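Once you have looked at the hints, place chain B on chain A.
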Amino acid sequence: MISKKGVSASPGVVIGPALVLDTEEYRIPRRTVAADQVRQQIVVLEEALDASRQEVNDLRVAAARKLGEQTASIFAFHEGVIADPKLRDEVLLLIRNNQYTAAYAFAQVMHARQKLFQNVTVEYLKERVRDLYDIEKRVLRHVLGRAREDITRLTEPVVLVTHDLTPSQAVSIDRDHILGLATNVGGQTSHMAIIARMLGIPSVVALNDITSDLGGGETVVIDGSEGVVVVDPDPATIDEYREKQIRLSRKEAALETLRDVPAVTRCGTPIAMWANIELAEETGAALHRGGEGVGLYRTEFLFLSADRLPTEAQQVETFRQAAESMQGKPLVIRTIDLGADKLLPSSSLGQEHNPVLGLRSLRYCLRHLDMFKTHLRAILRASVAGDVRIMFPMITTVTELRNAKATLADVMEDLEEEGIDFRRDIPVGMMVETPAAAMTAPSFAKEVEFFSIGTNDLTQYTLAVDRANERVAYLYSPHSPSVLLLIRRVLVAARRHKVAVHLCGEMAGTPEYTQLLLGLGIRRLSMSPQDIPSIKRVIRSTTIDECDQIATKVMRLDSDRQVWNHLRSQLAKLPLEESA
Amino acid sequence: MTVEREVVIKNKEGLHFRPIMQFVETAQKFTARILVRCEDREADGRSPMELLMLVATQGTVVRLFADGDDATLAVETLVALVETGFGEV
Chain A
1 MISKKGVSAS
11 PGVVIGPALV
21 LDTEEYRIPR
31 RTVAADQVRQ
41 QIVVLEEALD
51 ASRQEVNDLR
61 VAAARKLGEQ
71 TASIFAFHEG
81 VIADPKLRDE
91 VLLLIRNNQY
101 TAAYAFAQVM
111 HARQKLFQNV
121 TVEYLKERVR
131 DLYDIEKRVL
141 RHVLGRARED
151 ITRLTEPVVL
161 VTHDLTPSQA
171 VSIDRDHILG
181 LATNVGGQTS
191 HMAIIARMLG
201 IPSVVALNDI
211 TSDLGGGETV
221 VIDGSEGVVV
231 VDPDPATIDE
241 YREKQIRLSR
251 KEAALETLRD
261 VPAVTRCGTP
271 IAMWANIELA
281 EETGAALHRG
291 GEGVGLYRTE
301 FLFLSADRLP
311 TEAQQVETFR
321 QAAESMQGKP
331 LVIRTIDLGA
341 DKLLPSSSLG
351 QEHNPVLGLR
361 SLRYCLRHLD
371 MFKTHLRAIL
381 RASVAGDVRI
391 MFPMITTVTE
401 LRNAKATLAD
411 VMEDLEEEGI
421 DFRRDIPVGM
431 MVETPAAAMT
441 APSFAKEVEF
451 FSIGTNDLTQ
461 YTLAVDRANE
471 RVAYLYSPHS
481 PSVLLLIRRV
491 LVAARRHKVA
501 VHLCGEMAGT
511 PEYTQLLLGL
521 GIRRLSMSPQ
531 DIPSIKRVIR
541 STTIDECDQI
551 ATKVMRLDSD
561 RQVWNHLRSQ
571 LAKLPLEESA
Chain B
1 MTVEREVVIK
11 NKEGLHFRPI
21 MQFVETAQKF
31 TARILVRCED
41 READGRSPME
51 LLMLVATQGT
61 VVRLFADGDD
71 ATLAVETLVA
81 LVETGFGEV
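Keeping their order, the protein sequence lines are chains A and B.
According to my numbering, the residues represented by the first sequence are 1 to 580, in order.
According to my numbering, the residues represented by the second sequence are 1 to 89, in order.
Worth flagging that the hints you see were computed from the coordinates, not collected in a lab.
In this text, all values refer to a predicted model and were calculated from it rather than measured experimentally.
Take these hints with a grain of salt, some might be off.
[To be verified] The calculated EDC-like cross-link candidates involving lysine to aspartate or glutamate, where the alpha carbons are at most 20 angstroms apart (straight line), are:
#: 1; chain 1: A; residue 1: K115; chain 2: B; residue 2: E42
#: 2; chain 1: A; residue 1: K115; chain 2: B; residue 2: E25
#: 3; chain 1: A; residue 1: K86; chain 2: B; residue 2: E42
#: 4; chain 1: B; residue 1: K12; chain 2: A; residue 2: E127
#: 5; chain 1: A; residue 1: K126; chain 2: B; residue 2: E13
#: 6; chain 1: A; residue 1: K126; chain 2: B; residue 2: E39
#: 7; chain 1: A; residue 1: K126; chain 2: B; residue 2: E42
#: 8; chain 1: A; residue 1: K86; chain 2: B; residue 2: D44
#: 9; chain 1: A; residue 1: K86; chain 2: B; residue 2: E25
#: 10; chain 1: B; residue 1: K10; chain 2: A; residue 2: E352
Here chain B stands alone, though its shape is the one from the complex:
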């Protein structure tokens, strides 16, 4: 099952170190494959390096994709994390 959602990066410094690691740690709790797209760039949701390379700044729209048994829950949890600005906003 594939789930897809769009979300806007809210925190001021975009996807930088702390948010990335929070994102990765959250993604690791699920078994679904997780992808993040930002314009033409794509990152594995468990790869800090690739997430950094997204250069997702404040206000950027990213698309989350999850594929697997717990895809829905994974996407919902991650979207909530991004929307709350990783606790920074």
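The following block holds chain A by itself, in its conformation from the complex:
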């Protein structure tokens, strides 16, 4: 039994068998090709065999030097198999005769060998099947390039253990089969973590090398609440975590009872509780948890889950469905926020040295007007189905905002000419998530109907910290005095210009921040649906006076550690309303 500490990404406890991506079989995306692609598959195979052979040769030389000839002979054998003419002929035959892809043909041949080997009873030879897996994986890695495994075709519930999950993998997570997640890298605000929380999948990230501690199939415990993973737990430990599971679900049930009570402070000030969602289907969860609106609908996931760009009709359908299911409550649709870590699989955005500062989000949209206009058309067409509002992300200059608004006006004109129904007075807002936008909030306030403060990116850009880089993640704190000053600045500008403002981002769903945010003047919070009950509990236990005092005190502190300690102690003092 080993226990590893990482960073809590999504709360809850789960116990299940591990599926380790990277060491399990590769999943082959395509099995056959058209007749005219056979030649190309042969080339792919030859190149992969050459590259693999070179790789193993390097390993052999290094092993001979460091570990001795005995170990090196293993790699000599691997090299021999990769260069094996009989093996190669067999694979080529399958590609030529059956039009198999290089990957599928090679895997078929290797699987047949592995299967035969499973009947071997001699222990030390039996072990050699591992080498066959190893060879297969190496060659397939070269055949498939950097193509990632497909986790959409799981057949039994597992705890997924992996180096990292790309956003497109994260969106294809199927909660019936993925009980929990453990990753080597990542942080609390990486997209994988956000999605895990939204789906209620207990997860631990930043475990460094969890993938090398597991082979797959071991029982693991994921304690997402504490950020702990236990590999091969003993029976006593399993019992302990089973009990914890039960305790947590009781607590969850207790918070449920807060769903229908209003989010009003003890002194009678109502606070609007809105929800952040990624998928149209989540509007249900948002309302169910007591959401009074959706303050952030992240449309890019619609783009990430498909292999190609969704058509206008598909987008209209998705947005319309979301708008209708909101039952008249506001739905703020954020226009595509792609780029940085959220690359479109279907289109290459090219390599950028510094993608977070690169052509992403609205910048990308303004450069790809066809795609952007289609997207805006879809939002406008869906606007008749409910209280739809539109929000532009990642804005740094007023010119950018004006360009976006001009594009929107163009699209409206087109729709009018075509006689297509839409809401002409659709409210237009923007994310305030760059220090530039926060600093010049007064100028922006004259141009939009609402602001949404995106604290995740605002923190990242203000502190110059990559939130997914575990080596600098310790510097990432939304309660840093610099970030708080920017937030206050935005609120002052909004108040002066009578612009509505809400705050989305992880900060909104973290109970420690609630009183501070109310004290700074926030009256509308948008958060993950599952955070609504616990935030509501804080709101119902405090008064605006208390919040004002906390904010005043915090704005005088000069280190994020002091701020955090103060916020924690103030939260602890709160007479949190006992739920039924």
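Using the frame of chain A, we list chain B on its own:
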């Protein structure tokens, strides 16, 4: 010309990685076609994969076949290699 000989695997771990690669490297020095049979399984003498699949453990009897100009020398050399336990015994 076809030459055929029987030989017993002597080394403790049977035909595993190192012996296989020694066998293959030796076989590659000849032009004759070389086959190895072990019970109902058959391997090309130059295919590490097929040789591994023979699962020839210590004490197993294998039959070597060579077909070609240098068949005799090939079989003699390979038999000697197997009989000396690939230098491991």
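A quick look at each hint next to the structure:
1. Restraint check: the Cα-Cα separation between K115/A and E42/B comes to about 17 angstroms, which is no more than 20 angstroms; the hinted pair holds.
2. Annotation: proposed proximity of K115/A to E25/B is violated, straight-line Cα distance about 27 angstroms (limit 20 angstroms).
3. With a CA separation close to 13 angstroms, the supplied pair K86/A and E42/B stays within the 20 angstroms bound.
4. Among the hinted pairs, K12/B with E127/A is consistent with the structure: their alpha-carbon atoms are about 16 angstroms apart, no more than 20 angstroms.
5. Between K126/A and E13/B the alpha-carbon distance is near 12 angstroms, which keeps this suggested pair within the 20 angstroms criterion.
6. Proposed proximity of K126/A and E39/B is supported: the alpha carbons are some 18 angstroms apart, at most 20 angstroms.
7. The suggested pairing of K126/A with E42/B holds, with an alpha-carbon distance near 19 angstroms, which does not exceed 20 angstroms.
8. Of the supplied pair hints, the one linking K86/A and D44/B holds, its CA atoms being roughly 8 angstroms apart against a limit of 20 angstroms.
9. Proximity of K86/A to E25/B is assessed by CA-CA distance (about 15 angstroms); at most 20 angstroms being required, the pair is judged to hold.
10. Proximity of K10/B to E352/A is assessed by CA-CA distance (about 59 angstroms); at most 20 angstroms being required, the pair is judged violated.
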